[in-house]
Structures are given as C-alpha cells and as structure tokens.
Amino acid sequence: MNDLNKYDNWLTSDAVAAIVIREPLVPVEGSDGVFFPATYAAAEDKGFPGGYNIDPPTGEKNVCLVDSVGSQANRIEPLFAKPSYAKLVPQIVIQAGDKSVNLLEAGHRAGDAIARCTLLQKKLQDAFKAVLRGNALDLARIAPTSLVFGVWDSRDTQAKLPRLVASTIRAFDVQAIRRGAVYVPPLNYVNMEVFTEEEQQKAAGDNKNPLSKRGFVNALASATHGGVIAKGGLRRDATFSLAALRLLSAEATAEELKDKSDEERKKLNDEATLKLRRYVLGLALVSLTAPPQTYLRQGCNLVPDIDNPRKVTLVNADGKREEFKLTHDQAIAFAELAAKEFGVGESPKEPVKFDPDLAKKDIAGEGDVAPTKKGRAQKKAKPAAKASEPTEPQQ
Amino acid sequence: MKPDLCITIRFIQPFPLFHGRRDAEQPEWPPSPMRAFQALLNAASLRARGRSLAPEVRQALQALEVLRPEVIAPRATVSAVGYRAYVPHNQTDLVTAAWHRGNLDASIASHRMEKDYRPLRVESIGDDLPALHYVYSLDATAPDPDDMLRVIRPAVRAITHLGCGIDQVVADATLVDSSSIHLPGERWLPSAQSGRRLRVHRSGSLDALINRHNRFLNRLQDGWTPVPPLTADDMDQVRYRRDTDPLQRPHVLFKLVDENDDTVNYPHSQLIHIAGMVRHLAVELMKRHPPRDLKGRTTEQWVEQYVAGHQSVDDKSAGLPHVQLSYVPLPSTGHAHTNPAIRRVMIVAPAGDEAWLEHLVQRLDGQLLKPLPDTKLPPGTHLQLIPEDRKDGVRDAYTRDSRTWASFTPVILPGHDDRKPEKTRKLIVKALAQSGIDQPCEFEWSAFSHFPKSYSAHKYVRDESATDGKRRIGYIRPNHLLDQTAVHLVLRFGRREDPNDPDSRWIPAEEPIPGPLTIGAGRHCGFGLMAGVG
Numbered sequence: 017m018n019d020l021n022k023y024d025n026w027l028t029s030d031a032v033a034a035i036v037i038r039e040p041l042v043p044v045e046g047s048d049g050v051f052f053p054a055t056y057a058a059a060e061d062k063g064f065p066g067g068y069n070i071d072p073p074t075g076e077k078n079v080c081l082v083d084s085v086g087s088q089a090n091r092i093e094p095l096f097a098k099p100s101y102a103k104l105v106p107q108i109v110i111q112a113g114d115k116s117v118n119l120l121e122a123g124h125r126a127g128d129a130i131a132r133c134t135l136l137q138k139k140l141q142d143a144f145k146a147v148l149r150g151n152a153l154d155l156a157r158i159a160p161t162s163l164v165f166g167v168w169d170s171r172d173t174q175a176k177l178p179r180l181v182a183s184t185i186r187a188f189d190v191q192a193i194r195r196g197a198v199y200v201p202p203l204n205y206v207n208m209e210v211f212t213e214e215e216q217q218k219a220a221g222d223n224k225n226p227l228s229k230r231g232f233v234n235a236l237a238s239a240t241h242g243g244v245i246a247k248g249g250l251r252r253d254a255t256f257s258l259a260a261l262r263l264l265s266a267e268a269t270a271e272e273l274k275d276k277s278d279e280e281r282k283k284l285n286d287e288a289t290l291k292l293r294r295y296v297l298g299l300a301l302v303s304l305t306a307p308p309q310t311y312l313r314q315g316c317n318l319v320p321d322i323d324n325p326r327k328v329t330l331v332n333a334d335g336k337r338e339e340f341k342l343t344h345d346q347a348i349a350f351a352e353l354a355a356k357e358f359g360v361g362e363s364p365k366e367p368v369k370f371d372p373d374l375a376k377k378d379i380a381g382e383g384d385v386a387p388t389k390k391g392r393a394q395k396k397a398k399p400a401a402k403a404s405e406p407t408e409p410q411q
Numbered sequence: 104m105k106p107d108l109c110i111t112i113r114f115i116q117p118f119p120l121f122h123g124r125r126d127a128e129q130p131e132w133p134p135s136p137m138r139a140f141q142a143l144l145n146a147a148s149l150r151a152r153g154r155s156l157a158p159e160v161r162q163a164l165q166a167l168e169v170l171r172p173e174v175i176a177p178r179a180t181v182s183a184v185g186y187r188a189y190v191p192h193n194q195t196d197l198v199t200a201a202w203h204r205g206n207l208d209a210s211i212a213s214h215r216m217e218k219d220y221r222p223l224r225v226e227s228i229g230d231d232l233p234a235l236h237y238v239y240s241l242d243a244t245a246p247d248p249d250d251m252l253r254v255i256r257p258a259v260r261a262i263t264h265l266g267c268g269i270d271q272v273v274a275d276a277t278l279v280d281s282s283s284i285h286l287p288g289e290r291w292l293p294s295a296q297s298g299r300r301l302r303v304h305r306s307g308s309l310d311a312l313i314n315r316h317n318r319f320l321n322r323l324q325d326g327w328t329p330v331p332p333l334t335a336d337d338m339d340q341v342r343y344r345r346d347t348d349p350l351q352r353p354h355v356l357f358k359l360v361d362e363n364d365d366t367v368n369y370p371h372s373q374l375i376h377i378a379g380m381v382r383h384l385a386v387e388l389m390k391r392h393p394p395r396d397l398k399g400r401t402t403e404q405w406v407e408q409y410v411a412g413h414q415s416v417d418d419k420s421a422g423l424p425h426v427q428l429s430y431v432p433l434p435s436t437g438h439a440h441t442n443p444a445i446r447r448v449m450i451v452a453p454a455g456d457e458a459w460l461e462h463l464v465q466r467l468d469g470q471l472l473k474p475l476p477d478t479k480l481p482p483g484t485h486l487q488l489i490p491e492d493r494k495d496g497v498r499d500a501y502t503r504d505s506r507t508w509a510s511f512t513p514v515i516l517p518g519h520d521d522r523k524p525e526k527t528r529k530l531i532v533k534a535l536a537q538s539g540i541d542q543p544c545e546f547e548w549s550a551f552s553h554f555p556k557s558y559s560a561h562k563y564v565r566d567e568s569a570t571d572g573k574r575r576i577g578y579i580r581p582n583h584l585l586d587q588t589a590v591h592l593v594l595r596f597g598r599r600e601d602p603n604d605p606d607s608r609w610i611p612a613e614e615p616i617p618g619p620l621t622i623g624a625g626r627h628c629g630f631g632l633m634a635g636v637g
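Protein sequences, first through last, are from chains A and B. Take 17 as the starting number for the first sequence in this note's numbering and just add one per residue. Take 104 as the starting number for the second sequence in this note's numbering and just add one per residue.
The set of hints was computed from the structure by calculation and includes no laboratory data. Nothing false has been slipped in among the hints.
Each computed DSSO-like pair below joins lysine-lysine, with the alpha-carbon atoms no more than 30 Å apart:
(1) B:LYS218 x A:LYS77
(2) B:LYS105 x A:LYS336
(3) B:LYS218 x A:LYS176
Every beta carbon over 10 Å from chain A, so not counted as near; a handful from chain B, in silico:
(4) CYS544
(5) SER549
(6) GLY597
Just so you know, these numbers come straight off a predicted model, no measurement behind them. Think of the CB as a built atom: it goes at the ideal place given N, C-alpha and C, for glycine as much as any other residue.
Generate the whole structure from the sequences, applying the supplied hints.
As structure tokens, this is what we get:
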C-alpha cells in the first residue's frame, strides 16, 4: 500500500460510510467572551421574531446557530483559490466589464448562470449531460469543487449531485445580551439655524426622518443585539459522506476504449473511476480538515480550542465508529498525489469573457440550452411576424 | 417464518437535525416510509449510472413497495423557533450582463428568495448515532430473504441523505428475527384509526416515481413544464401510532335514513331514544347471529352483558371490570349555525374488540329501526353504514385527535355532588377513571356547554305555571340516572411544569388524544359525548 492507494478501501467497499469531525472553538476574547452569531429574518409563521437563532429562546439549555451549512460552504470553497491550494483545481475567472468572478465564488458553482453566458456554457452542458449518464469525469476537469459541495444545474440539464462535505458551527447554552447606544451630533444645528427646533423634535426617534438618517439629530438605539456568551462551548461539526463519494464514477475516453474487449473496457472504466474518486476524496479531505476561517463577521472571531483538540471519527455503515487521525498537512499531501494522478483540468490563461450575445440568446431561448418560457413565447411570435413580410413573387 | 428486512438509517451530524416536511410544510416525524423508499430508489438509480435499474433491483423494490413497514425512531422535537434564510436565485447572468453594461452596483443579493427552516431536533443517547429502523415483514413476499438482502443492501448503503440535502445519513440493511427485535427507540405501527398520517408506498409507487423523475429531467425540453407532486394514486396515506400512544376505541358510524334514502333528523334532546332503538336492534340480531368465539361465555350471557350492557350481579359483587358496547347518537356539529339534530349514530366497542364490532356492523347495516312506544320515526327509517374512508365532518369532530375536548352532551357523574364543588371535582375524577382516561389532564366544569347549540346540564327550569313550579328541560335522561349530578366539561390534556403549583407553566400533552371520548354514567347511551376543540 502506497500513499496514493491507502484510502482505496473507502472508495471501493461500502463498509465505511462517513467521516465526522467535532472541533471545539473559542472566541478570541476567551471562552467567556461575547461573540456575535448570525442574525436571521423573522420566520413567515411569526414564531420567530428575527435575530439570533437560539432554540429554545428562553431557558439555559439551548443551542445557537452561529454559522449555517451554506455559509460554511461559501467560506471553505474559496480556499482553493488561495496560492497554496490553487494547483489542486482549475482556476476559472469570468470577466464582465471591470468585474471578475472566480467560478469558485459563484453561488451555484458549475450550475451558476454566470457560466451560461461564456464560452464555458457548451463544455459545462456536455459535462452535466455526462453526469446524467453516470460519468463525472468532465465536470471534475472543469469544476471539481462542485462534486465536493454539491451542484444542481437547475437552468438546463437538471443534473444534480449531492453535497459531500457539510460543516456547521453552533454554540451551546448561550446567554443573549442586549445593548444600547446613543448618537449625539457634534453640533447643535438648531442654534446654527439649519432647521427649527420644531423640526428637530419631529425627527427625534423617527429613523425614517431625513434629519435622523443624515445624522443631524440625536439617535437612540436600545435593546439591540449585543452578542451572546456560550456557557456550554462552541463547536464546529463537519461531516463527509463517503457513501455519496462512491456514487461518483467516470469512464475512460473513447480513444482509450477503442478496440477493447468488454472486460478491458470495464477495467479501464474502473481505473478512471478510482482516479476520479481519489481526486475528489483529496479535495474533500482538504476542505474537511482546513483550519476554519476565524473571522466570521464583526465581533465573531472564533479559533480552535487548543485545550480541547478536534476529534475525527470514521463511521461505518452499520453505525460503528472508530477514532481516526488525520491532519490537514496529510490531507494536502494526499490531495496533491491524487490530483497529479488524475490530471487537474486546465486553467484558462486569460479570464473567460462574458459574452453578451450568448446572454441575449439565452434570454431569448435561442442558445444551445433548454429554452425558457419567455423564449418559447418569442419563438412562437417570430414566424407570425415573418409571414406578414412581403415575399418574392412566385415564378 | 421468514426473517424481517431491517433498513437502518443513521444521522451522522454530531448535532442531528431533520428538515423533512410533510404536507402544508409541517415537520414530519417519523420520516415516512415513502421518504425512505424514495431515498432508496434514488441511491439505487445513482448506482445504475444513468441506466435503467437492474432487473433484480427492480424486482426487490417492487416486493418492498407493497409492504407497510414498522418504523422504530428516536424521539424528536420540533425546534421552538424557526428562522428565515435568503438563498440567491440562479440569475447571475442578469447581474453579469449589468456589469458588462457598466452598472457595477448590480448585485446577486438583490436576486434572492427566502427559505424558512424549522427543523426537528433528533435525540441521541450518548455518542450513539440516532437511528431510524424500517422493518419490513417478508413473510408474504416471494423473494428469498437472503437474495433480497444481497440485492438491496448495496443500494441501501448508497443512501446519503434523508430529508433535505443537509440531513446526511449512513444506511445499512440487515435481516432480523422479528421475535427478537430489541431496537432502541419508539415503535411506530400502522394503525387503522388513530395516529399521524404518513406517506407510504404502494403497488405502482416505483413506476410513478421513475416516471416523475424522467418528467422532471425533461421539464425544460419544450418550454417550462412544471412537474406536479405525487398524487394520492401514487401512494397511500397511512396512520401510524406509537405502541405507547393512547389507543383509539374501535367505532363505526351509521346514518339514519328513511325509505326515500333522505337523512332523518331526530331531536337531540331525545337522543336516548335513538340509542335505545339501536341497542334493541343489536340485541335482537346478536341473539340470532352471535359471533363464533364468545370467549367462554354463553350467547345469552354475552348478549345480556356485552351487547345490552347489563353487568351480572355476580360480576358486580366480585368487582370484575365490565365492558360493553356503547350506542352513541351524534348531535350534528361543525358550523356555528348547524342544527344539532341527531342524524348519525356511532357504535363504539372496547379496545381490541374490532372483530365483534365488525360482526355486528355487517348485520346492522340496512336494518329498520323499530320505534319505541312513545317515539315517532319517519317510515322506513333504517341504519346506513358510512364507510370509514368517506369524509364526514361530524364524525371528525368527535373522533379526531385533540389535546382539548369539550362535552356536547352533559356528563352524568357517578353520584350526587350535594352542590359541593370539592365533591363535584372528586366525582369528575372518578368518572374519568371509570371511562378509562388515565392521561394527565386538567378540567373545568359548568352547567353550560362550550357548544352554544347544546343544552345545559340542568334538568329543570322554574315555571310558575307548572303544578310543581318547575318544568323539565334539556336532554331526556334514562330513569336510573335521574338523581345524579350532570355537568358540562372541558378537558385539557397535558401537565403543569410543577405539579404542585397550578400557576406554573402549562405543558400540553406531547401527543393529542384520539376520540371518541364518552365520559360518565351515561357514556354508553350518548351522554358525556366529547368533541375536540383544540
């Protein structure tokens, strides 16, 4: 067994189902420090008035959502654009006007509409069609992180791949804190006859009044979100579904399969599948073990608890669990070997240009993609317009 | 006897949550057998790599789709609060086009949709992963259990999610001996009449799911063709209840119809007439056609005690429990202006006596009611069975699951309260115990019902013109219950956080109580009939 095939039993046998990480975190201020979890809008049923998601909202035994699965994925995926990781995946940058976006930052990954109006559109469409036929090789060459964090080509082929890696940060037994603040303008504008005292009184306490908005009058904020203290600790929970990874497969190229017997073809396809799975496994392990981003938002700097190191557990299909040692450096080393064997997809030398003509065609339903409802209506309307045009007299 | 197939699905998140919803966006627990079947089919299809399912896999899934599994699940509670997150629409092309035009202020943040979350928190014990078990009895299936396991296990082990995409799971399949199943968790069993409705696969579900998936993949082929969700033809809705949940008493409903098949309305103040006529009919029929197995009693004993409801003197003196059929005329209810006349009668049997009830029902259906000497019925009035699957609002009012119940007809207490509230309370407690209600609850009583169309619990009203200065009102009572106190009740099932502090926080019962509930000394003839109000 060498370094490259040391995890092959995870990729070929269905006995091991997942890897789970529990990683205690602490605020940089200390374990009793105040930090600011994410705030959420009020739920539709009004059962939640908006603010921190603390469940249950009263009492001491509660759980507070600090960073959700989606948010964590958006923080981890751009890791692969950093110089030390960039060679593991293709770097595709899309340019529109003065702005440029790395595909790793696109919300819907390879299925994002941003790629539909570039020359990548046809390549991605073919890759998704291949995914529907059970061949994820082409997609792995263009956007391998879509295989790690999941993708849905919702605007075209409907190909869908599940998320392999999910991470969430929660705080336990939190105490919510309120805070108040007051703003006093540096000058008395009434004395300076900018506005009258009557206007000042009218604006007081009215956030929508232009004088309040522009900071000409006193403003008071009371009982707003003041962060939380986690008495039961903070934890990042991350899972990696090996069962989902094993659903990925690849086919050898047509050239490789040419003039081969069925048995040889199967062998070549199995080899291609194993290489693909090793490559995606490497990326997933790097994502899973990467040091968590410490700065989540203003007032929320979380770092690993060095007194309470993280635990990595292998979970078998029958529910048995066993502890497993894996460092981030080991994950990177494996990922580099697997990427080299697989052959990382080519990164374009120049940014891929946004093509307005492709965008127009897409909107009109004329692109080489499934037409939209609007596009179909426009298509139907066109022949009628043509019919009204003068035609050549018949000979 | 063949072993059972057990599909076990474990949540792997260290803080396990479940985001699956049932109809009307309500949290679903336990995850329905149909949901598990869909996850299994999805895994099997992904393993097929875009090709059709292998014939043996298809055969195994077809064998499973006609079975109704038992579900063993950990406890789960709905999060006390939900929250709203915003997800960007897949419309970056619009934003990019704006950038291309020079509008650098365009942002994907303005193209987003809201998603409301309110997950279930799944209880785990220690470090064990919380596990769901779907146990399929293979006794009636053709495939050999070992072959079935060999074919189905790889697909089961390929299941990665159950519920939303963030509900990651691992799964496995095993064969278990049904007599030795000791799986931890709450046992949910299919139930004929009470419990939570869960979606369950049926014959044809497999093909329906495959067809729907193909339509989904092609929904953008010719414009956008939305794919509707699964219909009632594609799956069953089956009630599941925990083996520890209160058992619903078996019952059947008859409509009173005349010779023209028009519904008969009978005054609800005289409901005991209907109860008496139906009981008489039942006694006559069962004397002639008793069931085969009377559990050691003679026909005469069984009819006299169980059907007519007369406890023998020997049994009474020995303190033996008495069980009998109840004949409960149902006042119509529902809308505020509904005329509460009697149009239906329900026969309720003790729990576990479904077979005897079924035997009686088959013979009662279509039988003519014989008017009593002082009653009058339209010609040809007979009983017409209302099938269990037919929607009936009045039946639902009396039989649905509810945590709060109010009496429509007065509860006749087992004694007289001498106008002492403490004695009334004791009599109510006794009546509840006699009626088999042992779940923790609180009650309020009054002379007046929660239902405005119901009559009060009073027997008389002052009337100077009458010879004795009073006039009878309300519901006519059987003579042997005339001297006992009657009240209207509101029952709330649940408990106080501190049992000794009546002002401490009220915790409603975790599971609602299924009807029909009849309480008090007149419970076998239509008194003390409760309807769900919360």
